[in-house]
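Asks: If you want the building blocks of each chain, they are given just below.
There are 2 protein chains.
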Amino acid sequence: MENAASGLFAGIDFGGTKVAAVIADAHGNIVAEGVIPTLAEEGPAQAAERTCRLLDDLCLQHSCEILAIGIGLPGLVDRDAGAIVFLPNLPPQWSGFHIAEAFASHSHRPVSLLNDARMAALGEYTFGNAGGSQDMLFVTVGTGIGGGLVLDGHLRLGAFGAAGEVGHHTILPDGAPCSCGSRGCLETLVSGPALAAAGRDLMRAGRAPRLSELVAGDPAKVTATRMAAAARNGDQAVADAIRVAAEYLGVGIANAVSITAVRTVVIGGGLSVLGDLLLEPVRRVVKERVRMFPSEVVQISCSTLLEKSGALGGVALAVEEYKRAASNTSA
Amino acid sequence: MENAASGLFAGIDFGGTKVAAVIADAHGNIVAEGVIPTLAEEGPAQAAERTCRLLDDLCLQHSCEILAIGIGLPGLVDRDAGAIVFLPNLPPQWSGFHIAEAFASHSHRPVSLLNDARMAALGEYTFGNAGGSQDMLFVTVGTGIGGGLVLDGHLRLGAFGAAGEVGHHTILPDGAPCSCGSRGCLETLVSGPALAAAGRDLMRAGRAPRLSELVAGDPAKVTATRMAAAARNGDQAVADAIRVAAEYLGVGIANAVSITAVRTVVIGGGLSVLGDLLLEPVRRVVKERVRMFPSEVVQISCSTLLEKSGALGGVALAVEEYKRAASNTSA
Chain A
1 MENAASGLFA GIDFGGTKVA AVIADAHGNI VAEGVIPTLA EEGPAQAAER
51 TCRLLDDLCL QHSCEILAIG IGLPGLVDRD AGAIVFLPNL PPQWSGFHIA
101 EAFASHSHRP VSLLNDARMA ALGEYTFGNA GGSQDMLFVT VGTGIGGGLV
151 LDGHLRLGAF GAAGEVGHHT ILPDGAPCSC GSRGCLETLV SGPALAAAGR
201 DLMRAGRAPR LSELVAGDPA KVTATRMAAA ARNGDQAVAD AIRVAAEYLG
251 VGIANAVSIT AVRTVVIGGG LSVLGDLLLE PVRRVVKERV RMFPSEVVQI
301 SCSTLLEKSG ALGGVALAVE EYKRAASNTS A
Chain B
1001 MENAASGLFA GIDFGGTKVA AVIADAHGNI VAEGVIPTLA EEGPAQAAER
1051 TCRLLDDLCL QHSCEILAIG IGLPGLVDRD AGAIVFLPNL PPQWSGFHIA
1101 EAFASHSHRP VSLLNDARMA ALGEYTFGNA GGSQDMLFVT VGTGIGGGLV
1151 LDGHLRLGAF GAAGEVGHHT ILPDGAPCSC GSRGCLETLV SGPALAAAGR
1201 DLMRAGRAPR LSELVAGDPA KVTATRMAAA ARNGDQAVAD AIRVAAEYLG
1251 VGIANAVSIT AVRTVVIGGG LSVLGDLLLE PVRRVVKERV RMFPSEVVQI
1301 SCSTLLEKSG ALGGVALAVE EYKRAASNTS A
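Order-wise, the sequence lines are chains A and B. The numbering of the first sequence is this note's numbering, which starts it at 1 and goes up by one. The numbering of the second sequence is this note's numbering, which starts it at 1001 and goes up by one.
No lab work stands behind these hints: they were computed from the structure. Computed from a prediction, not measured in an experiment: that's the story for all the values here. Some hints could be false.
[Said to hold, decoys possible] Pairs of lysine to aspartate or glutamate residues, derived as DMTMM-like cross-links and limited to a Cα-Cα distance of at most 20 Å, are as follows:
{"#": "1", "chain 1": "B", "residue 1": "LYS1287", "chain 2": "B", "residue 2": "GLU1247"}
{"#": "2", "chain 1": "B", "residue 1": "LYS1018", "chain 2": "B", "residue 2": "GLU1307"}
{"#": "3", "chain 1": "A", "residue 1": "LYS287", "chain 2": "B", "residue 2": "ASP1174"}
{"#": "4", "chain 1": "B", "residue 1": "LYS1323", "chain 2": "B", "residue 2": "ASP1025"}
{"#": "5", "chain 1": "A", "residue 1": "LYS323", "chain 2": "A", "residue 2": "GLU65"}
{"#": "6", "chain 1": "B", "residue 1": "LYS1287", "chain 2": "A", "residue 2": "ASP174"}
Model the full structure from these sequences, guided by the hints.
Replies: Set out below in structure tokens:
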């Protein structure tokens, strides 16, 4: 087998609307990348085939070959079987599909699967902002909240590979129903859509003049980035809405830190564009609520890989699996 | 060095009022045990000396020798230095004391330290009710709530050895102040004293006739065991108080399970005497709130080691350290 250190690997991040692929070396240096629509209704076999063709095209364009493939999917996967178990936001025909086999039969390369948030955590830990720590909590806040845990240098999987689901632990026992079936989950209190809805409400109530200007009066144009700009330019009510969401995120992160005693927290996803507007309240709440050890040791930052953490996590996963296969072959 | 499989080990569980010691083999079979008062105000050196004498006496009485010692302490310890960092419920002169050295200089045996709840988790995992699982959350509910996590077959320590502190994560963000300095922690909602206080209130309000009989009208005699008996004999208000506490415990356990994806939960400490009155609501709430993987796989039971989980955890710790030392010597 080729040496992993000099080879290239593919990382693929399947989402409900698009599939992002990168080809990178074992240090995370990207040599090629591409995005195609998922077209989820066509089914997983078609999506896998089109993604394989994307990889072929990228390899052809850049005159390169890949050694292994790491794939992330938005839900439960069976890593041993290489199959999808259940993806809450995709059509039912995706469940049970042996996606690893589909990729392997086309590419003849080792293929590994992971939940997308765990894969992004692995990407962030391997190539991102973990700063050499042995432990990391990764929280991605976008349409929903996902997460992953690296503990003592290893990605924690646990039952059904579900470790790190900080978005679906209870913050308010009597809170609003959550899409997961529970109530009062962190995700019911903090998300991109929830924050944008709060921004639109403030606009309609005439309490967000700067935001109104920034979106030229069109509520559909309200985004986290524009809310951050409005807050920085004097919309106090918008700043307050961001702060309240960030404080709830802080409670959720403090809970995960208290339970797992990780020293490093990285926040990714769409809301990480809020930067210090998000980080300052999160850090303050973690300091207030993590009291069983000196919480000054907990480093909290935003992702530097941003929307690439998932696909780069796929590269990290592919490298891991390739090395494992190589050591089994040589043993 | 002697073979760990045939030797004996000491486990010592330091509490605020008493010190429990056991001598057992590597399978957790206890050959001798004893308890002495901590007399915490006399200071740690005296307490260590008296505990060493207890061990000497036990060895003499049972004509045995020990190979290594594992010690649990109720707070933060520095395992590498063998020193106490901070014990919230003991006098300040305990902080900074090199307790491992004190034991080693008397016994000339390897000595290891651990937080008491983590040590109890190790005991429960090694000798108790974990049922061969690779993962376990141990929660001990007594005067306060402690806990420990075994993940992928290893006791999780994390920053300052603080992993597993489920008692001090937030259940009610605007809840009551907690002794730890935060507010709305699980421990503010569920504990032996809080449940007994609820029982006394119901007695005074005339809503707990069976409990009144059982304690002959003396509120000081209200215990969890007696409340369980009263609830089983018709005191509906007492049964409700137990259920509410158990449901909060269920929320806390569900949170830890969602975040870490452990498959096994063991509940110990004084409140575990409530048995099914505790387990039934906990299991129901975990089923309701753990939705990101099929929560039927989560096994929840009460400790079988009961008050011995700590000292037996010390034995497990001593065995681990002895084996590590032996493999370093032979390497």
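Asks: Does each hint hold? Answer for all of them.
Replies: Okay, the hints, checked on the actual structure:
At most 20 Å may separate the alpha-carbon atoms for a hinted pair to count; LYS1287 of chain B and GLU1247 of chain B meet this at roughly 12 Å. Straight-line distance between C-alpha atoms of LYS1018 of chain B and GLU1307 of chain B comes to about 12 Å, which keeps the hinted pair within the 20 Å bound. About 16 Å separates the Cα atoms of LYS287 of chain A and ASP1174 of chain B, which keeps this hinted pair within 20 Å; it holds. Between LYS1323 of chain B and ASP1025 of chain B the alpha-carbon distance is near 13 Å, which keeps this suggested pair within the 20 Å criterion.
This hinted pair checks out: LYS323 of chain A and GLU65 of chain A have alpha carbons roughly 17 Å apart, not beyond 20 Å. A threshold of 20 Å between alpha carbons decides the hint, and for LYS1287 of chain B with ASP174 of chain A the separation of about 16 Å falls inside it, so the pair holds.
The earlier numbered hints are all upheld by this structure, with none contradicted.
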